[in-house]
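Asks: Each chain, letter by letter, is given below.
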Amino acid sequence: QKEVEQNSGPLSVPEGAIASLNCTYSDRGSQSFFWYRQYSGKSPELIMSIYSNGDKEDGRFTAQLNKASQYVSLLIRDSQPSDSATYLCAVRVDYKLSFGAGTTVTVRA
Amino acid sequence: DAEITQSPRHKITETGRQVTLACHQTWNHNNMFWYRQDLGHGLRLIHYSYGVQDTNKGEVSDGYSVSRSNTEDLPLTLESAASSQTSVYFCASSDRNTGELFFGEGSRLTVL
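Those sequence lines, one after another, are chains C and R. Per my numbering: the first sequence ends with 193, consecutive numbering throughout. Per my numbering: the second sequence ends with 113, consecutive numbering throughout.
Hints may contain errors.
[Said to hold, decoys possible] Here are the simulated lysine-lysine pairs, DSBU-like style, with alpha carbons at most 30 Å apart:
id, chain 1, residue 1, chain 2, residue 2
1, R, 12, C, 140
2, C, 151, R, 12
3, R, 12, R, 58
4, R, 58, C, 140
5, C, 126, R, 12
6, C, 180, R, 12
[Claimed, not checked] Some chain R residues close to chain C (C-beta under 7 Å, calculated; not the full set):
id, residue
7, 91
8, 101
9, 104
[Unchecked claim] Here chain R is said to cover these stretches of chain C; the calculated rule only asks that three of the stretch's residues, wherever they fall, bring their Cβ under 8 Å from a Cβ of chain R:
id, stretch
10, 143-150
11, 173-180
Hints are computed from structural coordinates only; laboratory data are not their basis. The beta carbon of each residue, even a glycine, is placed where N, CA and C say it ideally should be.
Same shape as in the complex, but just chain R (with noise of 0.2 Å):
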């Protein structure tokens, strides 16, 4: 079956490192994207891409880069982690055709 795959699921970092989270999808859809939550703010787009070498920013982007080599990966990078990056991360890919999003499992990141 199909799926989305993200790793690390939890990480605890310091403030200032560098992270980069994973993503990977064998749905073999062009779109992909990374949200994410918070309490009392619901899921935000950071950022998202349209396909190979494609990248976009979205509502809430600062800090965060993303970048596309080939079409099942989208990793997003935090390039110097800050206390109010702490959150849930969700990345997910979408079929062009319907809209319909599909999400990997998350991955729960706090900046200390």
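In isolation and in its complexed conformation, chain C is listed as follows (with noise of 0.2 Å):
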């Protein structure tokens, strides 16, 4: 079993659509949840972190954490096309971040 797993997509909505990703992990021991966005070719960058069980917003963002269920998810409200990207989950054990395989998300206008 991999320690994260992400629903494998690929995703895609309509502009305007709320889109949901998932993640769960197999560490009853992680400490902190992160989720990192990437556009082709580009880098990983950080947009949401969540250390406590329930919801997180910022702007269009929603991070949501159940420690109990070990399940983290990311909704983006309002998609748009600059959306479009890989959507990378991170789970923290000690210092080290284990990453899930992402989920591709395409915004179609």
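Two independent chains are provided; combine them into the complex using the hints.
Replies: See the structure below:
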């Protein structure tokens, strides 16, 4: 079993819709959780971090964490063409991050 | 602004040659990491360091080595390049408290 698994995608959503991305992890000792966005040919950039159960909102992005279910999600509201990218879920154990394979999102106009 | 710089950004080499990828960060982070990214595998950890003179193996360390002589630099060396090491390599550093990882621009390596 992989440490971090994401819904494989690709995910295609119309402009203005909500994109929902899911991630599960295997290590119950995981301490912190992150979402990175990666445009094609570019490096990953951090868009959200979440450390405790519940929801965390930042602009059009909402991260949700449920440690009991070992589940992290990211919602992108009012999706824009500029949101088209691969989204990577990352989980921290000790000082290291393990990444999921990523979900590619395409926002169609 | 603090940043991480990698060099070279693109390199083509031959099987069996030694290759070193440089990584320099100005975040003053103690923690530094090297990942490789391949289609279908995502980001996989090669080596990491929690401070000067500290180095540790990640999940795909065979054929790679690192050294940490100062806070700013973590060069990655491929002792004898193999075609399986053709990949995009990312250096990253993190804040010890938050764990937030910041990436360099990446180095695309092709081994022929």
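Asks: Are the hints correct? Go through all of them and say.
Replies: Structure-based check of all given hints:
no.	hint	result
1	R/12 / C/140	41 Å, violated
2	C/151 / R/12	42 Å, violated
3	R/12 / R/58	24 Å, holds
4	R/58 / C/140	34 Å, violated
5	C/126 / R/12	17 Å, holds
6	C/180 / R/12	27 Å, holds
7	91	6 Å, holds
8	101	6 Å, holds
9	104	4 Å, holds
10	143-150	violated (count 0)
11	173-180	holds (count 4)
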